[in-house]
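2 protein chains.
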Amino acid sequence: MYSAYEIIAKKRDGEELTQEEIKWFIQSLIDGKVADYQMSALLMAIYLNGFSTKETASLTDVMLYSGETLNFNVDHVVDKHSTGGIGDKTSFILAPIAAACGVRVPMIAGRGLGHTGGTVDKVEAIEGFNTSLTLKEFQNTLEKEGLVLIGQTGEIAPADKIIYGLRDVTATIESIPLITASIMSKKLAEGAQGIVMDIKVGNGAFMRNKSQAKKLARSIRNTGLRFGRNMMTVLSDMNQPLGNTVGNSLEIIESIETLKGNGPKDLTDLSLHLAGGMIHIAGLAKSHSAGIRQAKEALKSGKALEVFRDMIKRQGGNPKVVDDYSLLPQATHHHVVTAPRSGYIKKMQATEIGLHVVSLGGGRHKATDKIDFGVGLTFHKKVGDKIKEGDPLVTIHHNEDQKEDVLKISDSLIQQDIRFSPKKPSTLPSLIYETETSWCH
Amino acid sequence: MYSAYEIIAKKRDGEELTQEEIKWFIQSLIDGKVADYQMSALLMAIYLNGFSTKETASLTDVMLYSGETLNFNVDHVVDKHSTGGIGDKTSFILAPIAAACGVRVPMIAGRGLGHTGGTVDKVEAIEGFNTSLTLKEFQNTLEKEGLVLIGQTGEIAPADKIIYGLRDVTATIESIPLITASIMSKKLAEGAQGIVMDIKVGNGAFMRNKSQAKKLARSIRNTGLRFGRNMMTVLSDMNQPLGNTVGNSLEIIESIETLKGNGPKDLTDLSLHLAGGMIHIAGLAKSHSAGIRQAKEALKSGKALEVFRDMIKRQGGNPKVVDDYSLLPQATHHHVVTAPRSGYIKKMQATEIGLHVVSLGGGRHKATDKIDFGVGLTFHKKVGDKIKEGDPLVTIHHNEDQKEDVLKISDSLIQQDIRFSPKKPSTLPSLIYETETSWCH
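Chains X and H supply the protein sequences, listed in that same order.
Throughout the first sequence, residue numbering follows the working numbering, covering 172 to 612 in sequence.
Throughout the second sequence, residue numbering follows the working numbering, covering 172 to 612 in sequence.
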């Protein structure tokens, strides 16, 4: 028999835990035989003393099998996951593109909490869109239609919810093995045969620096491989919002515009890069660049837009939103923030920008908060852009009773969140820092 | 305002916590605003990243003031504390000796749990001895009589009980700063002006090696000094039982015999060393050796024995036990374990010896277990002694229904717990490894 004390002490002393010890500990936590205060001591020991690839795989394994697991009866099933950023709406673009190219895309997405928004919240800006399918319906739809999007369910990796809840209040979130197990247990349970992982790096992301992000990428690839998945990890920039909009309806509109070929360059490029990766690791393109070429074609031909329209219809939403944005919730008022001086935009504070949208009601401080789909921010200029005093910088989409909030946000944007420079910045953040592919066979 | 998360994260990152942060965290734990799983994450971070002398003093301070604190209206108040060992009954000898020399000795002692016995359990072998005085009665008796012995009360440093309970199940016991704060918060709350700390080192002690024990000694002295106490730390051996007996009545009898001048050398020497230290740091002897000389005199003259007798009487026990040991609970049966071969005793496993007494009923596996005062072990030989095959080694004092236990213990003693050698061991453990004195002014 195992003892919680001995297992904690072993990790405390920097030794490697066996698969059986990890399995027993987590199973006992779920069964209530190991207390949460013992788990949090172990989490801190893991945070400080590390967890090997083998230990991480063992933890992922027991978390993965703590709930339902899906197994699709079709091939080319590839999912994409992002570690979360401001204005990140690539899912709505790359999923239809990849599906249009023959990839089967099973998306189980999250809701927003704190400074980042959630894919499920955004898609629910489309009235009637049903993200609460059963896992059976989810599987059937994927196998038949090749594209489906639902919200996270308690049936998938319930252990992650318990453990994440503890990490969140014990300062043990930012641990690469724990992040890996949390993400991968859910993604593996969801049955994808390949996974493209978009790891955001920068001041609006969970990973603030590249070296940490690279370590996370390696850890995620290694864990995916151990479970027989084809893996692609992409490190992409999150030092400013992705695309020009932040806010639920606004981001849906921007996604549709991108599917129509009118999207901003950064959002379009990253979506194509990730979609191309999905096509490639699904085995439908010989190289990543060949995958990207197919993705571009699906975008250009309008096929991806049609796939998106079909998904909306299938999941209970009104497909006419694609042509008539007035069908989406909209804020009643607009306030344009203008450039206080001429020069260049040098930098943005992406987390603060995300928090402004939360404060307008477009996101959540706590899980039970309601979302106002219409509010948000539109950026008319991005990092590196030349500006003249008085140029429109940001439009704040708000409601009538929010004039005070708007003044506060406006001040904060100009004085802190957007940094100006009289000269053109010599270096600008790249959009994509690194792409690594690992094949499981 | 402080946040539990930020404080845990700060210690996780190896930074020093402020006094205010530590105070807020522990106070919030007591008030139920910080959860036990957050405390255990912080405990593991302290265990692994350390705690400075200043942080340790801050933790001690908030734990100390979590309950009642005593302040005596008399001088020369010095207490002794031991980190716990097998057969450690020095309190019953050194307290009357020091009191006979003018030291005022306020003892708040513990009960046994696990392999070590407790002073309170031992003294309760004397029928009627009341260890449950109120703190007011405790203070009055100390001030009037100069010697009093009671059991730990929930009024003193209640935070320690909460924190110790968590450490005990999260593998965070063996942390020098946490041990320091636990011991010192109680000792400082108990109002002694000087403290002699007997830190046991060896296979029967909490501290298994000297370097750790030295660190603990330094940490305890430093913390005592910060609170204006005169401190003496003594590192003493715990690789075999102290004296010849282990078990409650047996140890009371051995203590009285020692007070009569008939005690075993190790027990007598250590008791005089510690009593001499108490006399010295109470300011009643110019040097430690002068203190030891006074202690010897108090022992030799019989004055210490009379002080012990008076204490028993005052606290409701029958003082006649001092002259008639049959008034103490005794085991009904005896089994003598003999030497399996001739040679020398090379080593003993003190923890296992302690656990045998627990298994006979002389100690506790869990806090609610009842104690059988009569059972125990008498050692006829100690480490380094020459033995002939068939010599009595150990007498097991037991009850009629314990014959199976006796066989098991007998086997274990001969085959594992006592190690033999054909030749005289070249090195024997010293009784006292180190003595350090620190004056607060």
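Bear in mind the hints are in silico, worked out from the structure with no lab data behind them.
Possibly wrong hints are sitting among the right ones.
The list treats identical chains as interchangeable, and a pair is accepted whether it falls inside one copy or across any two copies.
[What the hints assert, rightly or not] Calculated cross-link-like contacts (lysine to aspartate or glutamate; reagent style EDC-like; alpha-carbon spacing at most 16 Å):
1) Lys553 x Asp540
2) Lys181 x Glu345
3) Lys181 x Asp339
4) Lys467 x Glu226
5) Lys381 x Asp339
6) Lys386 x Glu523
7) Lys315 x Asp246
8) Lys194 x Glu226
9) Lys537 x Asp562
10) Lys307 x Asp184
11) Lys181 x Glu523
12) Lys381 x Asp588
13) Lys225 x Glu191
14) Lys537 x Asp494
15) Lys386 x Glu605
16) Lys559 x Glu607
17) Lys595 x Asp495
18) Lys574 x Glu428
19) Lys517 x Asp588
20) Lys553 x Glu477
21) Lys181 x Glu428
Hints, verified against the model:
Taking the shortest alpha-carbon separations for Lys553 and Asp540, neither the intra-copy value of 30 Å nor the inter-copy value of 71 Å comes in at or below 16 Å. Taking identical chains as interchangeable, the C-alpha atoms of Lys181 and Glu345 lie at most 16 Å apart only when they sit on different chains, with a minimum of 13 Å there against 22 Å within one chain. Taking the closest pair of Cα atoms, Lys181 and Asp339 come within 16 Å of each other only across two copies (15 Å); inside a single copy the shortest separation is 24 Å, beyond that limit. Neither within a single protomer nor between protomers do Lys467 and Glu226 lie at most 16 Å apart by alpha-carbon distance, with minima of 40 Å and 60 Å respectively.
Proximity of Lys381 to Asp339 under the C-alpha cut-off of 16 Å is found in neither arrangement, the shortest distances being 23 Å within a copy and 39 Å between copies. When the C-alpha separation of Lys386 and Glu523 is checked against a cutoff of 16 Å, the pair qualifies neither within a copy, at 26 Å, nor between copies, at 46 Å. With identical chains, the CA atoms of Lys315 and Asp246 are at most 16 Å apart within one copy only, with a shortest distance of 12 Å there and 89 Å across copies. Taking the shortest Cα distances, Lys194 and Glu226 sit within 16 Å of each other inside one copy (10 Å), while across copies they are farther apart (36 Å).
Within a single copy, Lys537 and Asp562 get their C-alpha atoms no closer than 36 Å, and across copies no closer than 75 Å, so neither meets the 16 Å cut-off. In this assembly of identical chains, Lys307 and Asp184 lie within 16 Å of each other by CA distance neither inside one copy nor across copies; the values are 45 Å within and 45 Å between. In this assembly of identical chains, Lys181 and Glu523 lie within 16 Å of each other by CA distance neither inside one copy nor across copies; the values are 41 Å within and 22 Å between. Proximity of Lys381 and Asp588 under a CA criterion of 16 Å is satisfied in neither setting, with 22 Å inside one chain copy and 56 Å between copies.
Taking the shortest Cα distances, Lys225 and Glu191 sit within 16 Å of each other inside one copy (12 Å), while across copies they are farther apart (41 Å). Taking CA atoms no more than 16 Å apart as the test, Lys537 paired with Asp494 passes in neither setting, with 34 Å inside one copy and 72 Å between copies. Taking the shortest Cα distances, Lys386 and Glu605 sit within 16 Å of each other inside one copy (12 Å), while across copies they are farther apart (48 Å). Proximity of Lys559 and Glu607 under a CA criterion of 16 Å is satisfied in neither setting, with 40 Å inside one chain copy and 74 Å between copies.
In this homomeric assembly, Lys595 and Asp495 never come within 16 Å of each other (Cα to Cα): the closest approach is 39 Å inside a single copy and 98 Å across copies. When the C-alpha separation of Lys574 and Glu428 is checked against a cutoff of 16 Å, the pair qualifies neither within a copy, at 29 Å, nor between copies, at 87 Å. Taking CA atoms no more than 16 Å apart as the test, Lys517 paired with Asp588 passes inside one copy only; the shortest distance there is 11 Å, against 73 Å between copies. Taking identical chains as interchangeable, the C-alpha atoms of Lys553 and Glu477 are never at most 16 Å apart, the minima being 30 Å within one chain and 90 Å between chains.
Proximity of Lys181 to Glu428 under the C-alpha cut-off of 16 Å is found in neither arrangement, the shortest distances being 55 Å within a copy and 45 Å between copies.
Violation of the numbered hints given earlier is confined to hints 1, 4, 5, 6, 9, 10, 11, 12, 14, 16, 17, 18, 20 and 21; the remaining hints are satisfied by the structure.
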